[in-house]
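There are 2 protein chains.
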Amino acid sequence: MTLDKIDLTILRLMQENSRISNIHIAKELNMAPSAVLERVKKLEQKNVITQYSAKINPNAVDLKLLAFISMKSSQSLGCTTTADELAKIKEVQEVHVIAGDDCFLVKVRTADSASLMELMRSSFSKIPNILSIKTTIVLETVKEDQSLNIPEL
Amino acid sequence: MTLDKIDLTILRLMQENSRISNIHIAKELNMAPSAVLERVKKLEQKNVITQYSAKINPNAVDLKLLAFISMKSSQSLGCTTTADELAKIKEVQEVHVIAGDDCFLVKVRTADSASLMELMRSSFSKIPNILSIKTTIVLETVKEDQSLNIPEL
DNA sequence: ATATAAAAAGAATTATATTCATATTATTTA
DNA sequence: TAAATAATATGAATATAATTCTTTTTATAT
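Line by line, the protein sequences are chains A and B. Position 136 (the first sequence) corresponds to 136 in our numbering; numbering is contiguous. Position 60 (the second sequence) corresponds to 1060 in our numbering; numbering is contiguous.
If you are wondering where the hints come from, they were derived from the structure by calculation, not from laboratory data. Among the clues, some could well be false.
In silico EDC-like links for lysine to aspartate or glutamate, alpha-carbon gap of 16 Å or less [what the hints assert, rightly or not]:
1) 1055/B to 44/A
2) 55/A to 1016/B
3) 107/A to 84/A
4) 1055/B to 16/A
5) 55/A to 1044/B
6) 64/A to 1004/B
7) 1055/B to 1016/B
8) 1064/B to 4/A
If you want a taste of the chain A side facing chain B, the calculated C-beta under 10 Å gives, among others [unchecked claim]:
9) 3
10) 14
11) 48
12) 61
In this text, a Cβ means the ideal position worked out from N, Cα and C, and glycines have one as well.
Whenever a hint applies, use it, and build me the whole structure from the sequences.
Okay, here's the thing in C-alpha cells:
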C-alpha cells in the first residue's frame, strides 16, 4: 500500500492519541470527516494500523506478575530444588513446573515495578542455574483456585 | 489508587481495543455508560491509563529511518572516515555528524524492516568503531531540505 | 480528449458521548 | 447499630460524533 502525506498525518495523530475524533483529524487536514473515516478504514483493512491500545501505568496496578523462568538445559530435568528455592520467597504466590522452553511459571505479587526489580535482583539472582526470566502483568484473573480462601462463618 | 474488578475489566478491554465504545464496555459489565465514562475519566486523571495509541505495522510504511550511531569514544573525534563509509551505502540518504553521545544521524530508506535488518547486519557491521545504533521510524516529514529536488520545467 | 476509477464533499441518519438530577450503595463516625 | 456522609450508579435529555449515501471533484488510464 502506498501511503501519502494525508495517511502519514493520520497515522501520526492516531499514534499520539488513538481516541482522537474523525472531526479533529479532518480539521487538522482540512477535509471532510467522511473522507478521513474512509482512509482510516482502509488503513485498518490493509493492516497498516494493527491495533488500538491503551497504555497502562504498571505502577498503578497492584502488580500480580507471572514470571516464566527457564534453566540451563543440563539442569532442567531435576528442577525440584530450584522450585523449592522459588517457593521460599515471600512475594512468590505460586510456583508451577511447566513443559516447554521455560521450566517454571511463578506468580509474584509486589507493590510496584521497582520492588519487582529489586526482587529479581536480590532473590531470583541468588538461585543457581536460572537462564532467563520473562515477566508479564496480570490485569485480571477470571478464574482462580480459591482453595486457600477459607470463608468466614 | 485502588483498582477493583470493574476497573481491571475496563483496562483489559481498552488495552485490547482502545477505540471500544463506552456502551460496549457498559454492556460487558452490565452497567450504565455514564458510570463507565466516569471510571475511565478517573483512570485517565490518576494516570493509570497513560496513553491511547494506534499500533502501526512498520512494514506497511515505506520505511524512512533515522539511525543514531555512536562510536567508541577514543575514535569519536576523527569521525570523517566513518561518515564517508556510511555515505557510500546506497540506502543511506543523509549523514549528519552530530554533537552529544551519538556521533551521527543517518537517514535510511528501505522497503521493509527485514531489509533494514539485513542492511544493519551486512553494511553497518563492516564499518569499524561503531559502538551502537538506535533506529526510529520517520512517520512524517513536516519540513525537508529539497535543494536536490530540481523541479521539471 | 474521453472514459473509468478513486477519492472527497456534504447532507441526512444513526449511534455514541456527555451532562445532570436523582437514586442507590458503601463508608464513616457518633 | 443507626444516622450522616461520601462515593458511585442510574436514567433521561442533550450535545457531539460516526456512519451512510448520493453527488461532485479529482486523478488515472485509454
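Right, here's what the structure says about each hint:
no., hint, result
1, 1055/B to 44/A, "10 Å, holds"
2, 55/A to 1016/B, "10 Å, holds"
3, 107/A to 84/A, "14 Å, holds"
4, 1055/B to 16/A, "10 Å, holds"
5, 55/A to 1044/B, "10 Å, holds"
6, 64/A to 1004/B, "14 Å, holds"
7, 1055/B to 1016/B, "11 Å, holds"
8, 1064/B to 4/A, "13 Å, holds"
9, 3, "6 Å, holds"
10, 14, "4 Å, holds"
11, 48, "4 Å, holds"
12, 61, "6 Å, holds"
Violated hints are absent here; each numbered hint is respected by the structure.
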